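K.L.:
Put chain V on the given structure of chain R with help from the hints.
2 protein chains.
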Amino acid sequence: MSTITKKDFVDRISEKTGQKRGEVKETIQLFLDEMIDELTNGNRLEFRDFGVFEVRERAARIAQNPKTLEQVQVPARKAVRFKIGRLMRERIVGESLTQELASR
Amino acid sequence: MSTITKKDFVDRISEKTGQKRGEVKETIQLFLDEMIDELTNGNRLEFRDFGVFEVRERAARIAQNPKTLEQVQVPARKAVRFKIGRLMRERIVGESLTQELASR
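Protein chains in written order, with the numbering used here: chain R, 449 to 552; chain V, 449 to 552.
Bear in mind the hints are in silico, worked out from the structure with no lab data behind them. Being a predicted model, the structure only gives us computed values, none of them experimental. Treat the hints with care, since some could be wrong.
[To be verified] Here are some, though not all, of the chain V residues that point toward chain R, as calculated from beta-carbon distances under 10 Å:
| no. | residue |
| --- | --- |
| 1 | Phe457 |
| 2 | Arg460 |
| 3 | Glu482 |
| 4 | Asn491 |
| 5 | Phe498 |
| 6 | Val520 |
[As the list claims (entries may be wrong)] Some residues of chain R that are not near chain V, with every Cβ distance over 12 Å (derived):
| no. | residue |
| --- | --- |
| 7 | Lys464 |
| 8 | Ala511 |
| 9 | Gln512 |
| 10 | Glu518 |
Idealized CB from N, CA, C, for every residue including glycine.
Excised from the complex, chain R in its bound form:
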């Protein structure tokens, strides 16, 4: 298992398309930055095949400190949720199901 970074994708896309590395880098960086902006504004991002990002509100709750047993109020807070898209699901989740069935 490897970790792939922005730089790896920029190099690869520049090679595949023949576009200048600097331009590809600028596009990818803006894309990621604009996604953060839109989520910050409460908008939902939907990329067909890839998936959906959205900000959800987690309700306030009472939690207990396991050491002191003290109860604390945890305020409502926002969280970002990624929901996997159709193609990604077929390729990643679907594949593991197929392997599972094949190994029976």
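P.N.:
Positioned in the frame of chain R, the structure of chain V alone reads:
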């Protein structure tokens, strides 16, 4: 709340950078496609400030059909996890905490 799509980002990035719309579209599409490929291969994607995508194995478990009370074996399956990055967390989660404190 609006839904923002790939097309919206392509238009916006093309306007901001002066790059040709077709080239921006090609880069964004390849970026999303390559992310799916890398996750399918079991690799981890790490984008500073934005977040990390990784494939995790969910363990096999026994589930119960709530209507028939029949127990069924749910096989292990893969799931994609998105872990929010530092900047996105500060801007989205941090903001909601600040609002929470300000409203007390």
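K.L.:
Any hints from earlier that this structure breaks? Give me their numbers in increasing order, please.
P.N.:
6 and 7
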